[in-house]
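Once you have looked at the hints, place chains E and Z on chain U.
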Amino acid sequence: MSVKIGNAPFHNRVQDGIENDFMRKAVSSAQGRFRSGRRNAAEELGDWEDWRTLGEEIRSHTLENIDFYLEKLSDAVSNRGGNVYFAQTAEEANQYIQDIVKRKEAKKIVKSKSMVTEEIGLNAALEEVGGEVVETDLGEWILQLDEDPPSHIVTPALHKDKGQIRETFSKKKGYEKTDDPEELALFAREQLREDFLSADVGITGCNFAVAESGAITLVTNEGNARLATALPDTQISVMGMERLVPTWEDLEVMVSLLTRAAVGQKLTSYVTSLTGTRLEGEVDGPEEFHLVILDNGRSKILGTEFQAALHCIRCAACINVCPVYRHVGGHAYGSIYPGPIGAVLTPLLDGYDDHKELPYASSLCAACTEACPVKIPLHEMLIRHRQIIVERENKAPKMEKLMMKGYAKWASSPAAYKLSTKVAKPGLKPWTEEETISNGPGPLKGWTNARDFPAPSKQSFRSWYKSRRKREESE
Amino acid sequence: MKVSLFITCLCDIFSTNVGKDTVELLERVGCEVDFPELQTCCGQPAYNSGYLTESKQAMKQMIRAFKDSEYVVGPSGSCVGMLKEYPEIFTGDPKWEEEAKALAAKSFEVTQFLVDVLGMTDVGSTFRGKVTYHPSCHMTRILGVKDAPKTLLQHVDGVELVELPIGEDCCGFGGTFSVKNAAISEQMVQEKSEHITETGAEYLVGGDMGCLLNIGGRMAREGKNVQVMHIAEILNYQK
Amino acid sequence: MTIKKRERFLENLASNLGRPRVQKVERPQYSVSPQQNVYRGYSMDDLMDVLEKQCKAIHTDFINTDTTNLGKILLDTIEGYNGNAIITANDPRFQKYGIEDLFDSLRQDGKEVHVWNSEKGKDNQVFAESADVGITFSDITLAESGTVTLFNDKNNGRSISLLPKTYIALIPKETIVPRMTQAAQIIQKAYKEGHAVPSCISFITGPSNSADIEMNLIVGVHGPIKVTYIAF
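Residue numbers (UniProt numbering), protein chains in the order written: chain U, 1 to 475; chain E, 1 to 239; chain Z, 1 to 232.
Derived from the structure by calculation, the hints contain no laboratory data. Ideal Cβ placement from N, Cα and C applies to all residues, glycine included. Treat the hints with care, as some may be off.
[What the hints assert, rightly or not] Here are the computed lysine-lysine pairs in the DSBU-like style, where the Cα-Cα straight-line distance is at most 35 Å:
id, chain 1, residue 1, chain 2, residue 2
1, U, Lys425, E, Lys2
2, U, Lys356, E, Lys101
3, Z, Lys192, Z, Lys154
4, E, Lys106, U, Lys418
5, E, Lys20, U, Lys405
6, U, Lys104, Z, Lys122
7, U, Lys375, Z, Lys56
8, Z, Lys192, Z, Lys24
9, U, Lys425, E, Lys106
10, U, Lys418, E, Lys146
11, Z, Lys165, U, Lys108
12, U, Lys405, E, Lys101
13, E, Lys106, U, Lys458
14, U, Lys422, E, Lys101
15, U, Lys356, U, Lys4
16, E, Lys95, U, Lys405
17, U, Lys25, Z, Lys53
18, E, Lys95, U, Lys356
[To be verified] Covered, in the sense of this in silico footprint (three residues per stretch, anywhere, with C-beta under 8 Å from a C-beta of chain U), are these stretches of chain Z:
id, segment
19, 15–23
20, 146–158
21, 178–191
22, 198–212
23, 220–230
One chain only, chain U, in its complex shape (with noise of 0.2 Å):
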């Protein structure tokens, strides 16, 4: 169980991606709306550097002490009549779900959008035991029709078109209209509210819990996570353990943030914040609730560099400005949390062997270290990675070693260095038409077989210097 998806090799899911002209048009016009929705709800308030200073700090002083703030947390869900598991791994999570699902005899589950609990591959674990998962989130409900994983924390099924979508509600539901959005969502609006009102358990993520009062907040837009947490009996939220807050006011902080970030809204159309069981003479809302906090491999992370890395609150708008998961797309990265911080988060959470180069899938332009709302130093972060698989892990290629023994040996020798402004260009003789390489040898094969190479100078900068200085000194 793990964050992993698919088993093909790094640089066969760029080229899939890359050759997925659908999928790229889709993401690039996304990005778009994303990228001015974003820069408005930012610009409107006037001091967004503020509001992100603020955001890092909150993040900060939580992962600092989250122990503390998750035994408060704890007590107060128990005490409003909620149960609370602290699941150390994936198997312990699902196990304690089968658990409650086996003993309350469920039937269907009804689920809304929830990374975690894709994280730990939860569905599959409830089908084990015999109960009908329904995913509610529009986009996870298509890619569960169509047996796909998400390539987007916010929007999942970015990669799919109104087409395929047709297709599929077609195929697996019966679906007899067009491939008008709005079509295709009211038949989803009328299906899932059948498995709504038939659901025995409810099964939701969680964005922020507040330690203070034991609120779990879900920052929804369709709706499905308040019908899957008003009607069924049982209700169980699944939070990874850094998805929490001090108290109230940070939680609007962090709110505000969120949706800004991920979507450019001032406020999603639901922020719903739901605090244990259903209370006396009430009707709605769960008369038995769980909590499953989750660490996974989280802990692990805390007292290190990247550290940093929990503060992430899943907006996705590193995702959204990565100009290299715009030519990719989700699933190159292999992993349910693709883009920069799926980069970061991927090693971290399962390991370098299967991910050592997500790292290196950057141009480390740092655009996403500028996104994120709550400054997780994203692009310093991958870099670190990368010293980590050179040095710790010596997981590098052996012919890139030697070159960068050489480069320290050239950049820390101004003789060697000097020696290298003048054979440059000699050296590189044989692959120059027209002061232009445009098939280089070795490492530059890569670089020219997109784009042209300039032959060096004539004269290097260093010697033209040189020779200005002997003119202007006998002059």
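Same frame as chain U, now just chains E and Z:
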């Protein structure tokens, strides 16, 4: 004012003209320019690839080279940005931390130096043509220089400056990224090239040689008739 | 209720943070507080303008009226939504603002009006599911985002604003505050004073929507498809 030129290895080897123009430009605005010959490369190719030990060897050489300089000025946002990161890299190193701090504090990218240190907006150059500017990622996001190059370009007599769509997007260079993930890099630079074409500009101007080699190389391969120029070349142009 | 496997979990966190478990943590004074500056010093009328503008962005009809005309406007809105089955919260404010009689007149016209009744259990949900219109008051209204805040309880079921096809929020002017900051302060203060936090606090910002299909905005998915705010 005494200024030491930090030429950067790419300009040293591939773009002597950019170096010449930077020297002349700085002299024209009244600086006394020297060129410490012990300088090599800022260490970025190794540092960004994860070779911390190797990169530090280069960095130490740079610290030694500019030890006596008053100001260090270079024609690259990315390489100067690297110098600015030395203090963090050498944090806790008793021998090098203070020297790293000193180098970072006196280092400036050339447009940053002209605008922020010398307080200039017009360097008195003339250049006729339709120009678009690519704000390189490290210049803007690592070094934090966003307005200086545009301010100077706007004051060049004869320049018609047109906005580059989604200019803030990376061109796909990324140092070793362009060879290690060449397929992705190719898509990125192709998109950048399309955006440049959309502007109808005759000249693409930038402040980082890496990006310019990348974009220029792509546009040449596509047979596009857009000339790529470093901002120092424009700022030093007279008629 | 039960808390399972907590100690080993939290001990591990503390140990990874390189310190013993902490017993007491003061929430720090953060270096900035931009949230306090949004619409600072705005009058009620200013905030009303902000709210009205924002409603356009969230695909919500907005009507600004007064208590005298509230009843008529509400009737018109219900009619505009072809409201034959209507569900409302059991809220004393309907009486306070003199619109309770209106439901009787609707009933006389042959419409079904169901007032949430906690004794009827799940029947409330069944009615709500097939209702055309749900009506509640807003407890706190956020001008910036165009959000009505509902403290759901046994008299104000969550379903009313959720299951019907359309939703009408009645907004007393005095409930309008600049943004979520003030709502959070009110909730936090109540909590500190020993009041139980409602089991559900719903911040509702217009109709339900989705951008899951090709990033096209679809208004109306699982929740109400149309929403009107009536401020008075």
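Against the structure, the hints:
1. U:Lys425 - E:Lys2: Distance ~32 Å between Lys425 (chain U) and Lys2 (chain E) Cα, so the pair holds.
2. U:Lys356 - E:Lys101: holds (33 Å)
3. Z:Lys192 - Z:Lys154: holds (22 Å)
4. E:Lys106 - U:Lys418: holds (25 Å)
5. E:Lys20 - U:Lys405: holds (31 Å)
6. U:Lys104 - Z:Lys122: Between Lys104 (chain U) and Lys122 (chain Z) the Cα gap is close to 19 Å, so the pair holds against 35 Å.
7. U:Lys375 - Z:Lys56: It holds: about 32 Å lies between the C-alpha atoms, which stays within 35 Å.
8. Z:Lys192 - Z:Lys24: Roughly 17 Å between the alpha carbons, so the hint for Lys192 (chain Z) and Lys24 (chain Z) holds.
9. U:Lys425 - E:Lys106: holds (33 Å)
10. U:Lys418 - E:Lys146: holds (33 Å)
11. Z:Lys165 - U:Lys108: holds (24 Å)
12. U:Lys405 - E:Lys101: holds (26 Å)
13. E:Lys106 - U:Lys458: holds (32 Å)
14. U:Lys422 - E:Lys101: Holds: Lys422 (chain U) and Lys101 (chain E) sit about 32 Å apart, inside 35 Å.
15. U:Lys356 - U:Lys4: The given pair, whose Cα atoms are some 12 Å apart, holds under the 35 Å limit.
16. E:Lys95 - U:Lys405: holds (23 Å)
17. U:Lys25 - Z:Lys53: holds (33 Å)
18. E:Lys95 - U:Lys356: Holds, at roughly 34 Å.
19. 15–23: Contact hint for the segment 15–23 of chain Z vs chain U: holds, 6 residues under 8 Å.
20. 146–158: holds (count 7)
21. 178–191: This one holds; 9 residues, not fewer than the three required, reach chain U with a Cβ under 8 Å.
22. 198–212: Per the Cβ count (15), the hint holds.
23. 220–230: Held - the segment 220–230 of chain Z has 5 residues with a Cβ nearer than 8 Å to chain U, which meets the minimum of three.
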